[in-house]
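Whole structure, please, built from the sequences with the hints as guidance.
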Amino acid sequence: MTSQEKLCRFEEQISPHLKSAYNLARWLTRSHEDAEDVVQESFLRAFSAFESFRGENAKPWLLTIVRNTSMTWLKRNRNAGAVIRYEDVLEDPSEGSPDPEETLLIACDREQVRQALEQLPLDFREAVVLREMEGLSYKEISTAIGVPLGTVMSRLSRGRDWLKRILSTPSIPRPVRPEEGAGPR
Amino acid sequence: MNCADSRTYLPAYLDDELDVAESLHVQRHLAECGDCRQAQDEQLALRSALRDPELYAHPSADFSKRIEAAVRKAAKEEARSQRSSWFEWLRLDSLRWVPAAAALVIVTTVGVFLITNSMRSSHEQLIASDVLTGHIRSLQPGHLIDVPSSDRHTVKPWFQGKLDFSPPVPDLSELGWTLVGGRLDYVDGRPVAVLVYQRRMHNINVFLWPNHGSADDTIRQEDAQGYQILHWNGAETTYWVVSDLNNAELLELAQALRGH
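Taken in order, these protein sequences are the chains called A and B.
Just so we're aligned, residue 1 is where the first sequence starts under my numbering, counting upward by one.
Just so we're aligned, residue 1 is where the second sequence starts under my numbering, counting upward by one.
What you were told as hints is all true, and nothing was included just to trick you.
Taking lysine-lysine and the DSS-like style, the derived pairs with C-alpha atoms no more than 25 Å apart in a straight line are: (1) A:Lys6 / B:Lys65; (2) A:Lys6 / B:Lys76; (3) B:Lys73 / A:Lys59; (4) A:Lys59 / B:Lys65; (5) A:Lys6 / B:Lys73; (6) B:Lys73 / A:Lys19.
Some but not every residue of chain A turned toward chain B, in silico, with C-beta under 8 Å: (7) Lys6; (8) Leu7; (9) Lys19; (10) Tyr22; (11) Asn23; (12) Arg26; (13) Ser137; (14) Leu156; (15) Arg160; (16) Lys164.
Derived from the structure by calculation, the hints contain no laboratory data.
C-beta: ideal position from N, C-alpha, C; glycine also.
Here you go:
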């Protein structure tokens, strides 16, 4: 494959997924500028690794690179969000499992959803974004993140439970504390 | 299916990750259980909240141009570095030719070995491999002959004391085969005589040593990587003839040698 052929094939198969790459990087880094830098770095990595791309599904292949580049970037920049572990911030969802009476409604306020997702710990956020926004299968997520299928399922389920709890509007009004809805600290 | 199982399977059910049978179990349970249906509704509400197109993050307007330019620049650099590495490689004054030549010899030797695998017996394979390697080595400058002479009366005595036999050195100049000299080589674990003949610009190596086995006058031919190898076991002497000369002419030489 000459360099010219490689470039043509790359632009045909990989470049169309630029938006997905950016969306993922944006949700992982939580910063517009960082996301653009991460995506640029990811595309250069993808281009130099393109010989190893065997024509399988291009989107998960690219998103795996974006995900890994984001993680490297987060570690390098010692982003606090990267080191928050689920266990530190989330209660076990089996306790205080949502009471149907209390949590029937999910807030439809888009800003609240955005905030909740941004505050979801990284391990869970990446699984949720890859599944809900990018439509990757469990198998593809498992490959992208490099964890077993069962871990993908448990992260998705715990992440969603956490989001549901945050976004639930009690049907019986109760006093709202100022920090409520701002996520765990 | 009970409620606990249903809640476990619900996310995978909604994510289309269950097989048909499992999906049917969940569906059947949902049809009967109001609590689980409510859990399903919550999941679906969360899903549609997360799939709100407004939440999907978009890069700046000119971002795709920036990425395109970066990738094309990388492609150009890659092409340039590939080209320049070839130019570097091809520079004649470069010492890189030394390993290149060594690699060529190794590749040729390996090739010879692989090709001569088609020879009949494994013992003959080894000899053919030795002979061909010896021939190729003889083509390196200064390796062809130890005794440069077109005179068989010079060449033949030269072997005396160096070998435990006296090789026949026929004069075939009348048939158009110029004797250019002789040398010692090592084949099949023993020192052997090599006569070097020339026709036009082609060198022919004739390897010979005493035949202690059964005689078989039939000339066998092998073609190995552009070289012809001819072989027969004379009553007293084993012959291996190697050259890049064409097959028909080489056969003439073999027949002439066999006649002597």
